[in-house]
Amino acid sequence: MSLKSYSRQRAIHVMLVYTGGCNGCDIEIVNAVLSPKIDIEQYKVFLTWNPREADVLVVTGPVTYHNKEPLLKIYNDIPDPKLVIAAGSCALMGGVYKNIYGDIPSEEIEGPVENIIPVDAKVPGCAVRPQDILAGLISVLPNLLNSD
Amino acid sequence: MVNITILYSIIIAILTLLVCFIIGMFLPGVEKKYVHARIQQRIGPPVTSVGIMAPIKFAFKENLDPRSPAPGLYKALPFISFLCILLVLLFITPQMYSVELLSSIIAIVGLLKVEEIAYVFMGALSKSVMSLSMKFPDLVKGASHTDTIRSHIEDISSKRSLRMISYGSFPLYLALFVPVVCSGSLYIGDIIKYQQVHGPFIFTTQGILAAFVFFIGYVILLNESPFNIIEAESDVIQGPYMEYMAKYRSVIYLTKGLLMFTLSALFTIFFLGISLNIFSWNILVFIIVSLLFTLFMGIFSAFTPVFTNRQFLPVVLLTTLIGVLAIVIGILI
Amino acid sequence: MIEEKIPNPNGELIETEISMGTVHPAALEPYRVRFFVEDEIIQEAEITIGVNHRGVERIMEGLPVEKANALTEKICGICSNSHTWNSVLTAEKGLNIDIPERANYIRVIMGELERLHSHLLYLAHGCEVLGHETFSMRIFYIRETVMDLLHMIGGNRVQYGVSIIGGVRPRCELNEMRIQKVESGLDELEKNIVNFSERFTSDPIVNSRIEGVGYLPPKQARKLAVTGPSLRACGFNYDLRTEMPQYDDFDFNIISLDTCDVKANLLMRVLESFESIKIIRQAIKNLPKGPIADRNWEMFDCDFIKSYIEVPRGICYHSFALEDGRVRGSVIRTPSMANIAAMQYAAIGNHITDGQLCIVQCDPCFTCTDRAFEIIEL
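Going line by line, the protein sequences match chains A, B and C. For the record, in the first sequence the residue sitting at position 4 is 3 according to numbering that gives the first Met the number 0, with numbers rising by one throughout. For the record, in the second sequence the residue sitting at position 5 is 4 according to numbering that gives the first Met the number 0, with numbers rising by one throughout. For the record, in the third sequence the residue sitting at position 162 is 161 according to numbering that gives the first Met the number 0, with numbers rising by one throughout.
The hints are simulated quantities; they were obtained by calculation from the structure and are not laboratory data. Hints are not guaranteed to be accurate.
[Said to hold, decoys possible] Okay, derived cross-link-like pairs now, SDA-like style, lysine to any residue, Cα gap no bigger than 25 Å in a straight line:
#: 1; chain 1: C; residue 1: Lys66; chain 2: A; residue 2: Gly110
#: 2; chain 1: A; residue 1: Lys36; chain 2: C; residue 2: Lys66
#: 3; chain 1: A; residue 1: Lys97; chain 2: C; residue 2: Thr47
Computed from a prediction, not measured in an experiment: that's the story for all the values here.
All chains, full assembly: derive it from the sequences and hints.
Next up, the structure:
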């Protein structure tokens, strides 16, 4: 294993962006990093709030109208190589809010995260379990380690 | 013969820098894993993650253009502060004692000041996406004060670092001047010689007071909680460092570790009277002192919230007074 | 102490504007806050919500009432049980359904467990915004006990609403084993919270940081119609639980403190946690025997029904009419709606580092609150 991928494996910075879900996923994810019970830092994953520092972007919530632009801006600010994890059923497919006006196209929900930025891993659940976030991250980690 | 001696000195100085640099890289990890995580009853990251692997990882990342009015200057600033710390470390090696102009306390204080001034420019030049640039319909009908000046969060951080320069770093410099007053010389070589004759300063009254003041100054200079108001997460997120990425961020990570070691090395030299020589057992004293400082700082920062000006000013005032007291005792005795 | 804080009249003194959001570490939800600052002292604050409007009321329109009740769970990730409870209560009020005693007890137990988890989350978040990572970690550790109990009864860590029309879900039956687990969990929780609160109140540094910050005068709190623990921290002894028939069987005290600052708010949550533990203990001790759901009810049309209950953050209001078993004209009003003005007011006159703390002190839950939406052309 080269030094590049070894060092990437030993320090992973995760940034969380909430785009208007019900708050449950956000708390579970922040909890996963913070609480001593799960303590994600022992697996070399750190929580950051600065897009310039992040490697992995975790997105929760169906992207609402006002959150589309901030999400795009934050995504563009993360330097390559980067991963995007969509966490929770809202981020995966809009959840219960997707079908807000039936057949009429919705102006408020910009749809699942996939419509806006490319997604590497999808973590299902309403709300996601903290362990699942970690599992989702591990499953796509080779993409991060092996990229240039 | 003279040429060979100079060559040897240069090689030894470079070797000293390298060894100190490597020790410094471990210190942030030690603080995070063995102090913070242990106090918070969790396992915590591996020791190498924070100080060593993160900088290497950032060095391999792609570099984008920072959002800054003067990208060139902004990118140069971390290297300037890194260089300043490296020069401080160089000036306190025994090989430099013969160059009396540089191995004096004035040069060290000046270089540390440059490092602090760098924060002001970093804060002023950083225009991150996380506050004002984030698109949101703010200035609409019904919004209050649509005609004010709008600033980024880093601007407050810049103003705060300006204040830190004016009063925040008093304790450290006052503590450094206590040995100067006692030994009556500005030069490091003389201070060490004085202590080898009269015993270390730490065992005198003024030395103990000054050591306490030095510790507070050490925490303030490192911007560690509770004195991390210029990078408090509750309002300015990361303050001056917001826009650094890739190799520039790795330099910032390395600077922190190196600064931790350099300041504790300054303490060892000024208060224990031991010179920085990597080929003797003295280096162990340096390592132990740096670990002790890291330990105390970790414990101190784990049990305190961020200080706002309301708590910060009294603490600085009190430590400054203790420092002045120590100097007065030093003059009288 | 400042008795009456007057917001700055337009213009003149305001030096600069600092905007935070919509993504910010001190806020767990997307919202925008603009602080108008003079020499790092906040002169005025403006909170803009509407970022995470998903139109739950609109989706509820025309859904069968059982489905609509299940949907209200998704309004908020923190007080999900309360919304389901209130929505079910609204339907039961209109359809004149009497629920079994045992079902009511289980609902109360879940409601109080939720209050515990919400208050502990508030404390942890408050300590995090203070910059005190160790305290925040400690409370997150304590909170895991409550999360485990909620997981055991409701079957999920976050969306664990128990109520259905006529009673509670069959899954949420409390058998002997579960009761024992709840009891031992409560003992551990009480011990931990007592230890924590002793440590917290005797810490001089933390106290100097939170005393007198975010002062909200009682007169102003009354004027702004503040609700819930934030109102009780301003010296008003008012709790809707005393008037709710569901809480008739239980004996508990209403806590009120009169220092009106962040410290009062934080202590308020600690003291209310003990009352919640007391209520759960009583409910478990006197848990009546019998069925947990009454399925013999008939659907008929009814006009707009209103229901108010006390949720962890204050008074929650649900209202809808029933037509052919479908929900019409749903209106939901959450407590944070009333508290937004208080957050803006409390921030005035504080240092900008405390700005987010003043917002957090009223326990914001903007994901609940986002109801109105208007796309504005700039």
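Evaluated hints:
1. Between the alpha carbons of C:Lys66 and A:Gly110 the distance comes to roughly 22 Å, so the proposed pair stays at or under 25 Å and holds.
2. For the hint pairing A:Lys36 with C:Lys66, the CA-to-CA distance comes to about 35 Å; that exceeds 25 Å, so the pair is violated.
3. Distance hint between A:Lys97 and C:Thr47 is fulfilled; the C-alpha atoms sit about 24 Å from each other, no more than 25 Å.
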